[in-house]
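Asker: Build the full structure now, drawing on both the sequences and the hints.
Chains P and V, in that order, give the protein sequences.
The opening residue of the first sequence carries number 1 in this note's numbering; numbering runs sequentially from there.
The opening residue of the second sequence carries number 1 in this note's numbering; numbering runs sequentially from there.
Accuracy of the hints is not assured; some may be wrong.
[Stated by the list, open to error] For lysine to aspartate or glutamate, the following DMTMM-like pairs were computed, each having C-alpha atoms within a straight-line distance of at most 20 Å: (1) V:Lys110 - V:Asp82; (2) V:Lys45 - P:Glu26; (3) V:Lys2 - P:Glu59.
[Claimed, not checked] If you want the ones that stay clear, here's a sample from chain V, every Cβ over 10 Å from chain P, calculated: (4) Phe11; (5) Ala17; (6) Val19; (7) Thr24; (8) Glu43; (9) Lys45; (10) Ser53; (11) Gly54; (12) Thr99; (13) Gly104.
Honestly, the hints are just simulated from the structure, not real lab data.
C-beta: ideal position from N, C-alpha, C; glycine also.
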Amino acid sequence: SQTIHQWPATLVQPVGSPLSLECTVEGTSNPNLYWYRQAAGRGLQLLFYSVGIGQISSEVPQNLSASRPQDRQFILSSKKLLLSDSGFYLCAWTTGVGRRANVLTFGAGSRLTVL
Amino acid sequence: RKEVEQDPGPFNVPEGATVAFNCTYSNSASQSFFWYRQDCRKEPKLLMSVYSSGNEDGRFTAQLNRASQYISLLIRDSKLSDSATYLCVVNPPTGGFKTIFGAGTRLFVKA
Numbered sequence: 001s002q003t004i005h006q007w008p009a010t011l012v013q014p015v016g017s018p019l020s021l022e023c024t025v026e027g028t029s030n031p032n033l034y035w036y037r038q039a040a041g042r043g044l045q046l047l048f049y050s051v052g053i054g055q056i057s058s059e060v061p062q063n064l065s066a067s068r069p070q071d072r073q074f075i076l077s078s079k080k081l082l083l084s085d086s087g088f089y090l091c092a093w094t095t096g097v098g099r100r101a102n103v104l105t106f107g108a109g110s111r112l113t114v115l
Numbered sequence: 001r002k003e004v005e006q007d008p009g010p011f012n013v014p015e016g017a018t019v020a021f022n023c024t025y026s027n028s029a030s031q032s033f034f035w036y037r038q039d040c041r042k043e044p045k046l047l048m049s050v051y052s053s054g055n056e057d058g059r060f061t062a063q064l065n066r067a068s069q070y071i072s073l074l075i076r077d078s079k080l081s082d083s084a085t086y087l088c089v090v091n092p093p094t095g096g097f098k099t100i101f102g103a104g105t106r107l108f109v110k111a
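Answerer: Following this line, the structure appears as structure tokens:
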């Protein structure tokens, strides 16, 4: 069966510090991968998605970046965090094919507080 | 107008009650629709897909009204464990990459 792992689960970072969140998917190949952010009381905002290794599409201009060094690995990074980067970050994947092509399965999330 | 709109609630209902949520979407060409459930401080999880013909899964019924551009979720015989935030999810005509989430409707079921 497919599983998705995301870490770290929580982190508190000072303004201006770097960030690295990692996500891996197991039990499938060539998944579509996503990074979302959920601010308190808000809907999920799509940040990045990837259809393959090295292929990244950015949805929102920001100081964040994403990379996909391996088929089932997706990394969210920042060189310098802003206060507004605080939020709940969720990695997700879809198969992209078949009846459940667009059904998103999420990791457990990473709660980031920037102070 | 937001692309996907939901009443944020909260809906406070007693156990055993029937409760319904609606969600409206702005793009008439939207392709697919879902309801997700999100528990406090947890990740969203798929509750059910919403088909044009409507679908039912136990106590949960989802319906799509394309003419009026809304989807609905009906929960019968509410349980305490149904307390959660319910997210309306819409895929635009561009495909599944840019799935749009509503901000969610909070439900509290009380004993």
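Asker: Hint by hint, note whether the structure agrees.
Answerer: We went through each hint and held it up to the structure:
no., hint, result
1, V:Lys110 - V:Asp82, "holds, 10 Å"
2, V:Lys45 - P:Glu26, "holds, 18 Å"
3, V:Lys2 - P:Glu59, "holds, 17 Å"
4, Phe11, "holds, 16 Å"
5, Ala17, "holds, 25 Å"
6, Val19, "holds, 21 Å"
7, Thr24, "holds, 14 Å"
8, Glu43, "violated, 4 Å"
9, Lys45, "violated, 7 Å"
10, Ser53, "holds, 15 Å"
11, Gly54, "holds, 17 Å"
12, Thr99, "violated, 6 Å"
13, Gly104, "violated, 7 Å"
Hint violations for this structure: numbers 8, 9, 12 and 13, all remaining hints satisfied.
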